[in-house]
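Asker: Each chain is listed here by its residues.
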Amino acid sequence: AQKVTQAQTEISVVEKEDVTLDCVYETRDTTYYLFWYKQPPSGELVFLIRRNSFDEQNEISGRYSWNFQKSTSSFNFTITASQVVDSAVYFCALRDSNYQLIWGAGTKLIIKP
Amino acid sequence: NAGVTQTPKFQVLKTGQSMTLQCAQDMNHEYMSWYRQDPGMGLRLIHYSVGAGITDQGEVPNGYNVSRSTTEDFPLRLLSAAPSQTSVYFCASTPSIGTDTQYFGPGTRLTVL
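Chains U and S, in that order, are what the protein sequence lines are.
Our numbering puts the first residue of the first sequence at 737, with every later residue one more than the last.
Our numbering puts the first residue of the second sequence at 4, with every later residue one more than the last.
Hints were generated in silico from the structure; no laboratory data involved.
Check the hints yourself; a few may be wrong.
[Said to hold, decoys possible] Heads up, simulated DSS-like pairs for lysine-lysine below, C-alpha to C-alpha not over 27 Å straight-line: (1) K12/S <-> K774/U; (2) K752/U <-> K844/U; (3) K12/S <-> K844/U; (4) K844/U <-> K774/U; (5) K739/U <-> K848/U.
[As the list claims (entries may be wrong)] Going by beta-carbon spacing under 10 Å, a handful of chain S positions derived as facing chain U: (6) P11; (7) Y34; (8) Y38; (9) G61; (10) E62; (11) Y67; (12) Q88; (13) V91; (14) F93; (15) T97; (16) T104; (17) Q105; (18) Y106; (19) G108; (20) G110.
Bear in mind that the values here come from a model prediction, so they are computed numbers and not experimental data.
Think of the CB as a built atom: it goes at the ideal place given N, C-alpha and C, for glycine as much as any other residue.
Based on the sequences and whatever the hints tell you, model everything.
Answerer: So, in structure tokens, the structure goes:
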């Protein structure tokens, strides 16, 4: 079965701390895509990153970085030097062979000033 | 480009009423979909369309109808609203079924009393 698990329901850190959001997925497909989306308090969904199953290189974009490990079926997201504006719900998602997005339940990240 | 637009932003219905949530995109995207988002859960796919005249069911289609008479529009109809349909509804589009990044509308918050 296709499944995405975000075990951390809520994380609270103080500004400037680093924080890692975990994502573990299950799929039978050999080709698949993984995504992270951000949902700030305003409610819209903001695309952050897409990663395909053949590209295990880690990616860094400013303060954001992603660690994709097929061996452990994980696609973790790290924010370095967190800021209050990073407060949001973050979703990990898996695109299956039917092109449907399977979503995790989300992790609410609270950055305290 | 307006991107993906949804109307209304908020709606309150009584049990048994019907209504249509509107979704439109001006990016000539082939693939459109409807999701619902409930507290503590990720998005769940209701219906999707791979092109004008073609629709299919997602994970939670019961109680909803869709049609796709044009590339631009993908309305979602609630036939007889139930309190279990209280949710936030997101419409999304992507250029084609093989393209990965979905563009989301701002969402419609629906309450059924």
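Asker: None of the hints should be skipped; say for each whether it holds.
Answerer: Hint by hint, here is what the structure shows:
1. Of the supplied pair hints, the one linking K12/S and K774/U holds, its CA atoms being roughly 20 Å apart against a limit of 27 Å.
2. The straight-line distance between the Cα atoms of K752/U and K844/U is roughly 17 Å, inside the 27 Å bound, and the hint therefore holds.
3. Taken as a hint, the K12/S and K844/U pair is honoured in the structure, with Cα atoms around 23 Å apart against an allowance of 27 Å.
4. Note on K844/U and K774/U: the hinted pairing holds, with a Cα-Cα distance of about 10 Å set against a maximum of 27 Å.
5. For the hint linking K739/U to K848/U, the alpha-carbon distance of about 31 Å lies beyond 27 Å, and the restraint is violated.
6. Hint on P11/S is violated. Least Cβ distance to chain U is approximately 14 Å, over the 10 Å limit.
7. A hinted interface residue such as Y34/S counts as satisfied when its beta carbon comes closer than 10 Å to some beta carbon of chain U; here the least separation is about 8 Å, so the hint holds.
8. The interface hint given for Y38/S is met, as the beta carbon of that residue sits about 8 Å from the closest beta carbon of chain U, less than 10 Å.
9. For G61/S, the suggested interface contact is upheld, since its CB lies about 7 Å from the closest CB of chain U, less than 10 Å.
10. Satisfaction of the interface hint for E62/S is found here, the shortest Cβ-Cβ separation to chain U being roughly 8 Å, below the 10 Å cut-off.
11. The criterion of a C-beta within 10 Å of any C-beta in chain U is not met by Y67/S, whose closest approach is roughly 16 Å, and the hint is violated.
12. Checking Q88/S against chain U by beta carbon gives a least distance of about 18 Å; that is not within 10 Å, so the hint is violated.
13. At about 7 Å, the closest approach between the beta carbon of V91/S and any beta carbon in chain U falls short of 10 Å, and the interface hint on this residue holds.
14. With a least beta-carbon distance of about 7 Å to chain U, the hint placing F93/S at the interface is held under the 10 Å criterion.
15. Below 10 Å, beta-carbon pairs count as interface contacts, and T97/S has one with chain U at about 9 Å; its hint therefore holds.
16. Taking 10 Å as the C-beta cut-off, the interface hint given for T104/S holds, the closest approach to chain U being about 6 Å.
17. Checking Q105/S against chain U by beta carbon gives a least distance of about 7 Å; that is within 10 Å, so the hint holds.
18. Annotation: Y106/S was flagged as interfacial toward chain U, and the flag holds, the nearest CB pair being 8 Å apart, inside 10 Å.
19. The beta carbon of G108/S comes within 8 Å of a beta carbon in chain U, closer than 10 Å, and the hint placing it at the interface holds.
20. Because the beta carbon of G110/S sits about 5 Å from the nearest beta carbon in chain U, less than 10 Å, this interface hint is met.
This entry does not satisfy hints 5, 6, 11 and 12, going by the numbered hints stated previously.
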